[in-house]
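Just so you know, the protein sequences line up as chains A and B, in that order.
Be aware that the first sequence starts at 23, since it is given in my numbering, and climbs by one per residue.
Be aware that the second sequence starts at 23, since it is given in my numbering, and climbs by one per residue.
None of these hints come from the bench; they were simulated from the model.
All values derive from a computational prediction rather than experimental measurement.
Some clues are possibly wrong.
Unchecked claim - Here are some, though not all, of the chain A residues that point toward chain B, as calculated from beta-carbon distances under 10 Å:
| hint | residue |
| --- | --- |
| 1 | Thr155 |
| 2 | Leu173 |
| 3 | Leu175 |
| 4 | Arg181 |
| 5 | Leu183 |
| 6 | Pro318 |
| 7 | Glu616 |
The C-beta atom is built at its ideal place from N, Cα and C for all residues, glycine as well.
2 protein chains.
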Amino acid sequence: MPVRFLPNDAQHEAQSGETILQVAERAGIPIERVCGGRGTCGKCRVVVVEGELSPLTSSERSSLSPEQLSAGYRLACQARVTSSEDVLLRIPAESQVEPVRILSSGTSDVAPQDPWVTRHHLQVPPAGLADQTADLDAVLAVWRSRYSDPLRLDLSALRQLPAALREEDGRITLIKARDRVIDVRAGHATTPLMGIAFDIGTTTVVGFLMDLETGEELAVASELNPQTKHGDNVIARIEYAESQAGLESLQAEIVGALNRIIDATTKAEGCAREDVLAATVVGNTTMQHLLLGISPVHLARSPYVPVYTTAQCVAAKDLKLGCHPEACIWLLPNIAGWVGADTVAVLLATGIYLDAEPALAIDIGTNGEMAMGSRERLIACSTAAGPAFEGAHISCGMRASSGAIEQVWVDDEVHWRAIADAPARGVCGSGLVDAISELLRVGVIDNQGRMGNPEALAARGLRHLAHRLQGENRHRVFHLTGSDDSENGSLVSLTQRDVRELQLAKGAVRAGIEIMMKELGLHAEDIRKVYLAGAFGNYIQPSSALGIGLLPSFPNAQLLPVGNAAGSGARQALLSYRACEIASELPSRVEYLELSGRPDFQEEFVEAMLF
Amino acid sequence: MPVRFLPNDAQHEAQSGETILQVAERAGIPIERVCGGRGTCGKCRVVVVEGELSPLTSSERSSLSPEQLSAGYRLACQARVTSSEDVLLRIPAESQVEPVRILSSGTSDVAPQDPWVTRHHLQVPPAGLADQTADLDAVLAVWRSRYSDPLRLDLSALRQLPAALREEDGRITLIKARDRVIDVRAGHATTPLMGIAFDIGTTTVVGFLMDLETGEELAVASELNPQTKHGDNVIARIEYAESQAGLESLQAEIVGALNRIIDATTKAEGCAREDVLAATVVGNTTMQHLLLGISPVHLARSPYVPVYTTAQCVAAKDLKLGCHPEACIWLLPNIAGWVGADTVAVLLATGIYLDAEPALAIDIGTNGEMAMGSRERLIACSTAAGPAFEGAHISCGMRASSGAIEQVWVDDEVHWRAIADAPARGVCGSGLVDAISELLRVGVIDNQGRMGNPEALAARGLRHLAHRLQGENRHRVFHLTGSDDSENGSLVSLTQRDVRELQLAKGAVRAGIEIMMKELGLHAEDIRKVYLAGAFGNYIQPSSALGIGLLPSFPNAQLLPVGNAAGSGARQALLSYRACEIASELPSRVEYLELSGRPDFQEEFVEAMLF
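Looking at chain A on its own, in the form it has when it is part of the complex:
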């Protein structure tokens, strides 16, 4: 069932039972919230323009004013898709916060008035017997009379030139990317200038079709990274790329995904694939290597070096991308083997490199990449967080789809909410982090991560929780759902091993944060901003992240969920030459910290695994 969002009016498919926040996140449309989608902050307001959503929840009744309620205001984290009707929503300015705020909190130079794909109308005078100027020279002469920047016409442009020049008496349109002409058209054409910003995640690939002139986002499409069939993590992909045939399949698979996204977004917008004249690509270093067909095998072997880190510019035809064959595909630079172009894009989008006071940017996907510092000094590192935060490698873990327990709170009993209010089938990342945070708070799990035994719990008066604990020691299990739950769902439990899995993941991230603070000589109270990107909000509630100690408490920091900041950075680079220049320079301004090379990492890691 289709959901459309104003002001962009792009259409997105939603499943019945999904919250509007989930639909928007998946589509890469950032909506402000602070509570991580628990219905408590009241920030994620949307206005229903057409269609029906699920009934108002009590959270909405308490967060929204009577005037707002009668005007159709809802909270995106509470309102769910219910019918097969079209739903049209408006995201009010106050809720559109992230990309807009990020764009403007970055630098005022990073603005869509600084495009690098441009259209130029020229009037080229005809040649005569007394002046037999070659077509190319005639065009360059007119160009130089109007512009000071260089212009280059390669073979493909030279092939188009003679016919275009004569069809409308010397009136032509040049479309160029930086200094290279990528298309020559007869007459003063006004065909659209489109571009796509790709965010290639280990798990998910997203593409944002953008109007390069207005900066408007026209359509979004995403799909599972088809390389996941060779393994859900980066190391598995690298192993598969050991053989030339494996490397070629991985490349063909990701190119296939990008092509389907080009098809889907251009079809949604009703334009031609050839109208896509530029693309930017972000992704971790391995994803970038694989797209280019460059072997990433040495990223998995000490000393973990990439083949290249600098930004790369490739013609679409050289990657067999199905947009304009001469389109300029610009891959943002990487910082190091395990801190890739996605992190560069996060830095670009958050503007952390401009911050006067210390900040942390943390992007949790399948891996966790982090940067800390300010405009004076920035350091970055990567931790092998693993996919636990996405619900993987967990006994009852599942992706955030219908029936996944996504919220857990414990008072005198265990309460939970599953996506789409469906019968519980498993637990997704946010439910896992919530559950462990709550069980820690009430003492079912101790600060070493051990689940208590039922007798001890009963002795502390927690008899109502004690009966949910079963098994001994390493095989201990805590049932989130029980026979008294009326929904007839599966029995969803947390095992002692699940807790250990989460401890490893959060320990890795937390140790990274601690070492970065140590490296910079900072304490938690010095950090003024924490940019939460990636899984935060979608898979992890920031409050629970604090609860399990994934993040230090940061008493003086603003927590800023920034959604898909990597995607935002890719969009900025697509729209602005200045943003490309900044991105190109960022790797030289960021010090990479190789955690495995630090003698203190193991110590911090063990410490950080404690709750």
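Knowing the structure of chain A, use the given hints to seat chain B on it.
For chain B alone, coordinates are given in the frame of chain A:
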């Protein structure tokens, strides 16, 4: 039957009856001669090392000393291939004149010690956890420590880099063309560096396989330009290129020919096609456009402008050339629509741009291109000479193959010699120019080109020639062979129309020369050197060219037959970066003279048609 020439030892197919000079010319091996192959100058000496040739002629007995004769010396213009045995010939230094002399008479900067395809052995230090330099950056660091010139590794090189770097502990070999790395190999490889210089003529395509390190010519191959099936002249090709499909066929055909030449030469040398790392291409402007797939249609329409004139550098894979896919294919620049890269190559090879005193360079192929001047000022023009000088468009005309009358001299009777001493089948270019030159001399043809009537000839005592004239006025015919000729060949005749055809051709060339002299304020006696390239020597005897007035008498000039000077220029550019730079600049130093735009051209042309 195979003929091989030392010192290069390349093998060439010859037909029985061909002179060694013809075989050598076709193979692009220049052999000195001044008389145009009439057996009178004694310059075209070759030494038979193995095999048998036709018996000694009286010319050879008079030109060569008894010592030379006993040492196996022959004259290349006299000795013919007769048997099916292998023939191995040595070209002694004094006969190897042209390319050597031209190379050295050019500029001493243009020398093989200035290559633009080079091999570099690097030792790249390994990365460590404390220094996780990307492969690319590690290579660039070593490069910069040794060289000051820039280095660029594109996608293909980046793909090769990680494996090559680790196979032999950081020892790698880079092969680069200018600043671009085209191959990365493991270890300190010494695989050969080969290149091919292509000369694409409207009729014939020649390729010279060169060792880029020694400058040695390794093999030569040629074939008929397969585009001739669409017409034997440039205009016919341009018309065929009107449709996109026609343009694509013409491009595919010439690429096919170049690929067969790559195959033949590399096979002859026993090396791999991938060892060919660079190529230079010369040819007229239309041939250059067609190779690049750029429409030449506006070259045939006033004001005759090309799409581009500047030098172009293209990767082999982009033209589907079957050498190393990243090989740099460098097309020499053109001067104008009808003065192409072949003329630039002639200027480069002759060094006319360095001459202190006025010189003329004239290259007659299917068209006639000429340049005149000195280092102070150079002008160039093109004349539509048409293919008459190659025997085409002539009633009994034929290519220079067995049975073609190639020499004619008239005393009290008409004498002729056919190629391979075979029965006469027709007349080739040199025979035609000889015949008309001789008939002019004895008065069978008057200075307006009219064949006299038999009665008038008989009255002047030329009864023995009078009986060879038949028909009236426009239908008058002069029989070169007659019933009293013992060879039982065809009756080979010149018609009044043949004479007119030749007058048009020579008139166009001569008018061009006259207008260039006028433009430069020179007279025939000011010209000090005349570089005769292309058909001269092969299809036109310089002495007969003077006889028919194709050239002014140039009383103070040295006549320098320079063979395939366009091919020599292409070889120089292949071997020397400095030569490429000079070639790139030449078009800006040469003024193009559009003859059709000159009001005095028709007048000069009518004048120049007279003998």
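Does the structure break any of the earlier hints, and which numbers would those be? Number 2 only.
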